[in-house]
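Peer 1: Protein chains in written order, with my numbering: chain A, 1 to 664; chain B, 1 to 217.
One thing to keep in mind: the hints can contain errors.
Claimed, not checked - Pairwise CB distance ranges, derived in the manner of DEER restraints:
| hint | chain 1 | residue 1 | chain 2 | residue 2 | range |
| --- | --- | --- | --- | --- | --- |
| 1 | A | Glu177 | B | Pro127 | 56 to 64 Å |
| 2 | B | Gln4 | A | Pro214 | 57 to 65 Å |
| 3 | B | Leu18 | A | Lys189 | 39 to 47 Å |
| 4 | B | Pro130 | A | Pro214 | 44 to 52 Å |
These are calculated hints, taken from the structure and not from any lab test. Just so it is clear, CB atoms sit at the ideal spot from N, CA and C, and this is done for glycine as well.
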Amino acid sequence: MIPLGFGRRAFRRVEAREADFKIALVGNPNVGKSVIFNALTGRYVTVSNYPGTTVEVSKGKAKFGDKIAEVIDTPGMYSLLPITDEERVARSILTHERPDLILHIVDAKNISRMLPLTLQLMELEVPMILVLNIMDEAERAGIRIDVEKLEAILGIPVVPTIATSGKGIRELRERIEERMGEEEWEPSKVKLNPELERAVSEVEESLEGEYDVPKRFVALMLLQDDPELGAEVRSREPNPRRVEKKVSAARASLARSPVYAITMQRQRAADSILDQVISFEEARRRRFSELLGDLMVNPWTGIPFLLLVLYLGLYKIVGGLGAGVLVDFIEGTLFERYVNPYVTRFFEAIIPWKILQDLFVHDYGIITLGVRYAVAIILPIVGVFFLVFSVMEDSGYFPRLAMLVDRVFKRIGLNGRAVIPLVLGLGCDTMATIVTRILETRREKIIATFLLALAIPCSAQYGVITALFAGKVISFAIWAGVILFVFLLAGFLASRLVPGEEPTFFMEIPPLRLPKISNVLSKTAARMEWYFVEVFPMFILASVLIWIGRVTRVFDLLVKLISYPVRAIGLPPETAQVFLYGFFRRDYGAAGLYDVQREGLLSDAQLVVAAVTLTLFVPCIAQFLVMGRERGWRTTLAVVGVVISISFIVGFTVNLALKAVGFG
Amino acid sequence: MAVQVSNQAQELLERIWLETEEKGREEVELDRLGISPEDGALEELIRLGLVNVSEGVLKLTPQGYEEAKSAIRRHRLAERLLVDVLETGYQLLEERACKFEHLLFEGIDEKICTLLGHPKVCPHGNPIPPGRCCLEAKEGERVVAPLSDLKPGDKGKIAYLQASSSKELQKLMAMGVLPGAPIELKRRFPSYVFKVGYTEYAVDKRVADQIYVRITD
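Can you build the whole structure from these sequences, using the hints too?
Peer 2: Written out as structure tokens, the structure is:
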């Protein structure tokens, strides 16, 4: 699952009893690890950041017989020699937390690519079970695996499953239960070629310190120049220099780079095992999903498909169902008719002073404004968006979209992978800013953060903007065109100006899969919970700040200040207030504009200028705080300064251009 | 080239090339190379008109430049051949490459270069100066070619990876893109999509340039 920055907060009930047993789930991304995790643990789950990192790890408890096991879902890893932060965390869990049992989950049809990791994991000498998941896809591809023979060769239990339909989960639970009592563990080890074995044992013999993991594993990692194990050697060895010398001597004795040689040897070992257990049949005929997948990546059909997804997903479902039906009901019926009048009467009755009443109710009160906005307007819109987003995520559409846009994204300093945070930004820019973590380089993270702050309107904002332009198709088209143009131009300039290395694009494309409803719902629920926990307090804070600003008259001063640039771009001074409130909530601004327009103060041209400027204008307070946390305050303030300047410069230009052509 | 240059003189030319072309110096002092003005190889180069020496400072002539480029090219092609095809270890590489390069006479270097798919860098990551064959390269002749030169539907086995850093190599290998694995190119546009085993990957041109394929179909 895409990281969300849940923070160190347990938001589901965790069973109090201490675990007797620790199980770690390990595997590549896209092998159905989290589905198996959910199937084993049920409802008792916590998601937290691994200490000192931004990587999220899910932990849950599960009952096996009369024992309680703690189940850890480690981040996706391709190899025990880590490259990404996720892999470092995953390895760290295996080597430092020392689970009692490792479940290695593989995609059965890709077993020849994934079995080398099984062999690697066996070096840790922790009891293991190999789970052959997604067996249905393997069968469709005509792959037959002799499970019993594979068990015999590896010396560990092998369990075939189809986790999405629950097939094989009962057997898996039984095998886990069997293994929980066992102390004996006799793994079969991969013998490398004599040259490598000699090098490994020379390093292994030179190790004198105490390690949490077998010395052979340490030796293998040292040979492959792993910096973390290198640091451990320095702290645990009485004579680290001697070990380091041994390692460099052993490395020098090898024909090829150790990473290359060891990887190739393991692959060869895996292939020779698989030769004995795999047979192939004629693959069944091409499936509809493959055809659909091809249509998605061919630009001629893929771009229309993308537009269709945006139209149906964003306009019809998020706009129509979320912003329309749900908001009308919760806001219009529940709040306007029942909640607001009731709480207003309540506070007016218990608090005699109007100033203090204003803190809770009336136009800008915590409840009538803050809570109402959060619960009645934003939550339904964002919730529906998250639902659509989770369906797109689970179906495997994003990697295909990423490959479709990679070329364009390279021009704006990003790679195709960045499409995930940018699309998420159309839902909530604050959450999207956190998800920029999936980008590899700092340069890409900065550019993506900047573009999210500038030119990606969130769902709450474009919900109001679409309402603003109701019946004005040309105005709406001008707005959309200008925002898209600014997005591309700003990205292009940022790619020239932000230093750092050029991004590369490399993504696995999983097969298209029909999303599992329970998984989609639990992801959506998790994201909505995050939203409520992280962003809801900001609404309250915003209401309080607005109240203080109004009471102390600081706002009057700020509004006066902002009215100068506002007048410069040809807008009535009344709109200055809208910009100020826009910072507290991106959509407040748009909503405020809606009021100004209803009073008939804006011409069509002014409406376009105001909507463009406001969309580009600084993000809401929640996004601002998250930007500071993720990118650092210096970068954040620089981004905000640039964003404010660009928004008014573009507003000014659009105003002149519209006047010149005599629009509105 | 008509001139016959002795092996020692070729080695010296290569060292001068490294100093001038790859470290960006205009000229090289004899002291820097640690040779005396009476050095046999140096005298040979002067006699053949490949270098000029004045006041202890050495400079390649245009003809010397061509000769040095070709010597460097032969040396690095030899390294590629030794590592990729003959699986020679790095320890022995330097010594063997120095012997091997002298066997790559005019013409043979082009054949080796074509066989290897016109590689752009040596196993250490230093650039291989392109020869005539690289500029005229035609697809049909190739035995090994970078993935980025394949047509959709082309199949083969991964011959070797030419990643620009060990980290990139590690990443490719960890994701299952390994020498010896069967590979098929499915799309070239808008990104390269290829299949290794039962997994599909999408990459940009930079990554596709690093995967060399022995074409079978």
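Peer 1: Now tell me, hint by hint, if it's right for this structure.
Peer 2: Structure-based check of each hint:
1. A:Glu177 / B:Pro127: 56 to 64 Å: 60 Å Cβ-Cβ, so the 56 to 64 Å window holds.
2. B:Gln4 / A:Pro214: 57 to 65 Å: The hinted range 57 to 65 Å holds for Gln4 (chain B) and Pro214 (chain A), with Cβ atoms some 59 Å apart.
3. B:Leu18 / A:Lys189: 39 to 47 Å: 45 Å Cβ-Cβ, so the 39 to 47 Å window holds.
4. B:Pro130 / A:Pro214: 44 to 52 Å: 49 Å, holds
When each numbered hint is compared with the structure, no violation occurs for any of them.
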